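S.K.: What follows is each chain in one-letter form.
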Amino acid sequence: MTEVDARSRPRPADGSDPGQAPSKVTIGKALNLGLRAAMERDPKVILMGEDIGRLGGVFRITDGLQKDFGEQRVLDTPLAESGIVGAAIGLAIRGYRPVCEIQFDGFIFPAFDQIVSQLAKLNYRSQGRIRMPVVIRVPFGGGIGAVEHHSESPESYFAHTAGLKVVACSNPVDAYWMIQQAIESDEPVLFFEPKRRYHEKAELDLTATPVPLHSSRVLRRGGTATIACYGPMVKTCLEAAESAAEQEGHDLEVIDLRTLSPLDLEPVHESVRRTGRLVVASEAPGESSIASEIAARVQQECFYSLEAPVVRVTGFDTPYPPSKLEEEYLPDLDRVLHAVEQSLGW
Amino acid sequence: MSIMTYRQALRDTLRTEMRRDPDVLLLGEEIGVFEGSYKITAGLLAEFGEKRVRDTPIAEEGFTGAAIGAAMLGLRPVVEIMTINFSLLALDQIVNHAAKIYGMFGGQARVPLVIRTPGGGGQQLGATHSQNIELYYAFVPGMKVVAPSNPADAKSLLLAAIRDDDPVLFLENLALYNAKGEVPDDDTPGEIGRAAVTRPGRDITVVAYSRMAAVALTVAERMAQTDGIDIEVVDLRSLRPLDRETVVDSVRRTHCAVVLEDDWLTYGIGAEIAATISDGAFDWLDAPVRRVAMAEVPLPYAKTLETAALPSADDVTTAIRQTLASVGRRAGKDIP
Numbered sequence: 053m054t055e056v057d058a059r060s061r062p063r064p065a066d067g068s069d070p071g072q073a074p075s076k077v078t079i080g081k082a083l084n085l086g087l088r089a090a091m092e093r094d095p096k097v098i099l100m101g102e103d104i105g106r107l108g109g110v111f112r113i114t115d116g117l118q119k120d121f122g123e124q125r126v127l128d129t130p131l132a133e134s135g136i137v138g139a140a141i142g143l144a145i146r147g148y149r150p151v152c153e154i155q156f157d158g159f160i161f162p163a164f165d166q167i168v169s170q171l172a173k174l175n176y177r178s179q180g181r182i183r184m185p186v187v188i189r190v191p192f193g194g195g196i197g198a199v200e201h202h203s204e205s206p207e208s209y210f211a212h213t214a215g216l217k218v219v220a221c222s223n224p225v226d227a228y229w230m231i232q233q234a235i236e237s238d239e240p241v242l243f244f245e246p247k248r249r250y251h252e253k254a255e256l257d258l259t260a261t262p263v264p265l266h267s268s269r270v271l272r273r274g275g276t277a278t279i280a281c282y283g284p285m286v287k288t289c290l291e292a293a294e295s296a297a298e299q300e301g302h303d304l305e306v307i308d309l310r311t312l313s314p315l316d317l318e319p320v321h322e323s324v325r326r327t328g329r330l331v332v333a334s335e336a337p338g339e340s341s342i343a344s345e346i347a348a349r350v351q352q353e354c355f356y357s358l359e360a361p362v363v364r365v366t367g368f369d370t371p372y373p374p375s376k377l378e379e380e381y382l383p384d385l386d387r388v389l390h391a392v393e394q395s396l397g398w
Numbered sequence: 002m003s004i005m006t007y008r009q010a011l012r013d014t015l016r017t018e019m020r021r022d023p024d025v026l027l028l029g030e031e032i033g034v035f036e037g038s039y040k041i042t043a044g045l046l047a048e049f050g051e052k053r054v055r056d057t058p059i060a061e062e063g064f065t066g067a068a069i070g071a072a073m074l075g076l077r078p079v080v081e082i083m084t085i086n087f088s089l090l091a092l093d094q095i096v097n098h099a100a101k102i103y104g105m106f107g108g109q110a111r112v113p114l115v116i117r118t119p120g121g122g123g124q125q126l127g128a129t130h131s132q133n134i135e136l137y138y139a140f141v142p143g144m145k146v147v148a149p150s151n152p153a154d155a156k157s158l159l160l161a162a163i164r165d166d167d168p169v170l171f172l173e174n175l176a177l178y179n180a181k182g183e184v185p186d187d188d189t190p191g192e193i194g195r196a197a198v199t200r201p202g203r204d205i206t207v208v209a210y211s212r213m214a215a216v217a218l219t220v221a222e223r224m225a226q227t228d229g230i231d232i233e234v235v236d237l238r239s240l241r242p243l244d245r246e247t248v249v250d251s252v253r254r255t256h257c258a259v260v261l262e263d264d265w266l267t268y269g270i271g272a273e274i275a276a277t278i279s280d281g282a283f284d285w286l287d288a289p290v291r292r293v294a295m296a297e298v299p300l301p302y303a304k305t306l307e308t309a310a311l312p313s314a315d316d317v318t319t320a321i322r323q324t325l326a327s328v329g330r331r332a333g334k335d336i337p
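Chains as they are written, first to last, in the numbering used here: chain H, 53 to 398; chain R, 2 to 337.
Hints may be right or wrong, so weigh each one.
What follows is a set of in silico ranges between Cβ atoms, one per label pair, in the way DEER data are often shown [what the hints assert, rightly or not]:
1) R:Pro-201 - H:Gly-147: 57 to 65 Å
2) H:Asp-384 - R:Val-34: 51 to 59 Å
3) H:Gln-124 - R:Ala-110: 41 to 49 Å
4) R:Trp-285 - H:Asp-238: 45 to 53 Å
5) R:Thr-17 - H:Asp-238: 47 to 55 Å
6) H:Gly-116 - R:Asp-315: 54 to 62 Å
7) R:Leu-74 - H:Asp-128: 35 to 43 Å
8) R:Ser-313 - H:Asp-386: 45 to 53 Å
9) R:Thr-308 - H:Arg-325: 36 to 44 Å
10) R:Gly-44 - H:Gly-147: 40 to 48 Å
Computed far set for chain H versus chain R, every beta-carbon distance over 12 Å [to be verified]:
11) Ala-254
12) Glu-300
13) Glu-339
Bear in mind the hints are in silico, worked out from the structure with no lab data behind them. None of these values were measured; they are calculated from a predicted model. Virtual Cβ for every residue (Gly too), placed ideally from N, Cα, C.
When you get a sec, could you build the whole thing from the sequences and use the hints?
M.R.: Right, dumping it as structure tokens:
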């Protein structure tokens, strides 16, 4: 597993000593700091995307990077996702480590052929001679008052595709370390960023040792039931667990999956063997989704421990609705708690 | 009833529908003069002319987009994408437009579009020409995805797809084109979203679609002889909408299940089926639902490796024996 070398740890953008007391940063800022650190460490790291240079990206994740690293390393591209990913594949063949930003989740579809037919396959087709150290950053999910094409959760497509790695961060600490680990990986990584959580803050300790990229993590211990989630749903599920503890006295275990391909389900299996109950929460439409795979695996691995069917809390099987309806569409605290009740009531 | 190949059933159905409805037209690469890479459209250009059988440039996004526009304005285009692999180039048109237009415009426009395309490996066509990526469409709310496994279903589901007012991905399979079977003479469309119990049985349910549904029947017949097991085969026929009821009903009777697919395992349609069974038949299940699928690699070119990566009849047999062994049942009766 890739780990960031402590010696090459960057100083924060404000120039403060990394050894000082940790300061609070947002997910957006943590990604920015992580990208900066990776670029400082390795001159082969370059960023490409629509409006990421002068503007700093529509979500300002690459803010200030073109100013500091120049137009050769932070490229404003045309509005042509297939071209962005295609060019990144060529650059990777020649030894660069490109990081592409897809402006919104729904815009990734024009790049699909490059991702599935080329990016995912070149390592295999060259019998391992060609490495594909490409990161594709995708702000994903709804909740920002945008419409379809701007609020989607397309992670299942890529998690299903052999030859790709897929991860999703849920908090500033993970965002900071995971983006650097993804860039250091020699394999293509789809990096999903929970866009409605970009402004969530947490303390970022730059001296901490990150956990491996492809590992899930137990965020809250509990014995009543297990909740597995990722990306923007992690905050919702943690809040649901707090509420269940206060209101019902339930003690819920919350696991942030973090890596969707490969999956790291051992912590989930271990947890379900104790609790006997699992709720999987995800924003994407539920049919053939991440939640389906987790349910299928857990019913196979923990068949004799399960006290109830795995309950899935997901978006609905419709195209993403207009923004006035998105509160109804997105799984919220109540729906998560309802699922927990359903499981407990079985 | 007539006996014919899967290929012939598709060709005859396209001809029937084009004669019945002047709004039905075909678009695709080499479908006219060359009569299609797999000869599904043979003879149709001669009968219906260039306006209704259109040879397009090699530009999947372009002709799929054109077909979406034609469908919105009242025609019933049937697009042939030479193999499902090339549909990746049209994915944005299909996922972001065809599937969403009805919802985005509050029902003002419908997209009665059929995309016919074969999937499947086993022909030594290499990693980018041997994929089973129907799931990319089965994920998508707003789409319908059908996957017939025999000539009769090929006919009835193509009739249904062309007459449906929503976009339908019609999945064919290279290995099935020459499969023969009885096909009814009447033109009654099938029901999209309805699975079929293609072989009733008592001991275990095997759920599959497309090529693997044919493999399931072969395995069932063989294991009836070799193992004395009575296997029930459920052919999904439609991946979206899914007929959960038929699957769950079957498992409630047999108490165990194996799910087959030609696609990669992780996040496959088998995951949804296994989750559905676990959900709908939790208290009836005697063993975990096992899945048989393709190795999770881009499909190799070398014949030996390709064969090793694809799910085989032997893999299915093994999974069935393991499942029955884990519930302590064999040969249709409980072991005391």
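S.K.: Compare the structure with each hint and give your call.
M.R.: Evaluation of the provided hints:
1. A C-beta distance of roughly 60 Å is found between Pro-201 (chain R) and Gly-147 (chain H), which places it inside the suggested range of 57 to 65 Å.
2. Between Asp-384 (chain H) and Val-34 (chain R), the C-beta spacing of about 57 Å keeps the proposed range 51 to 59 Å intact.
3. The supplied range of 41 to 49 Å is met by Gln-124 (chain H) and Ala-110 (chain R), whose beta-carbon atoms lie about 46 Å from each other.
4. Trp-285 (chain R) and Asp-238 (chain H) have their C-beta atoms about 46 Å apart, which keeps the hinted 45 to 53 Å range intact.
5. At roughly 54 Å, the beta carbons of Thr-17 (chain R) and Asp-238 (chain H) sit within the given window of 47 to 55 Å.
6. The beta-carbon spacing between Gly-116 (chain H) and Asp-315 (chain R), approximately 59 Å, falls within the hinted interval of 54 to 62 Å.
7. In this structure the supplied range 35 to 43 Å holds for Leu-74 (chain R) paired with Asp-128 (chain H), their Cβ-Cβ distance being about 38 Å.
8. Taken as a hint, the range 45 to 53 Å holds for the pair Ser-313 (chain R) and Asp-386 (chain H), whose Cβ atoms sit roughly 47 Å apart.
9. With their beta carbons about 37 Å apart, Thr-308 (chain R) and Arg-325 (chain H) fall inside the hinted range of 36 to 44 Å.
10. At roughly 53 Å, the beta carbons of Gly-44 (chain R) and Gly-147 (chain H) sit outside the given window of 40 to 48 Å.
11. Consistency note on Ala-254 (chain H): stated as away from chain R, and its beta-carbon is indeed over 12 Å from all of that chain's, at 30 Å minimum.
12. Every C-beta of chain R lies more than 12 Å from that of Glu-300 (chain H), the closest at about 23 Å, which supports listing it as non-interface.
13. Separation of Glu-339 (chain H) from chain R is inadequate, the least Cβ-Cβ distance of about 6 Å not exceeding the 12 Å criterion.
Checked against the numbered hints given earlier, this structure breaks hints 10 and 13; the rest are met.
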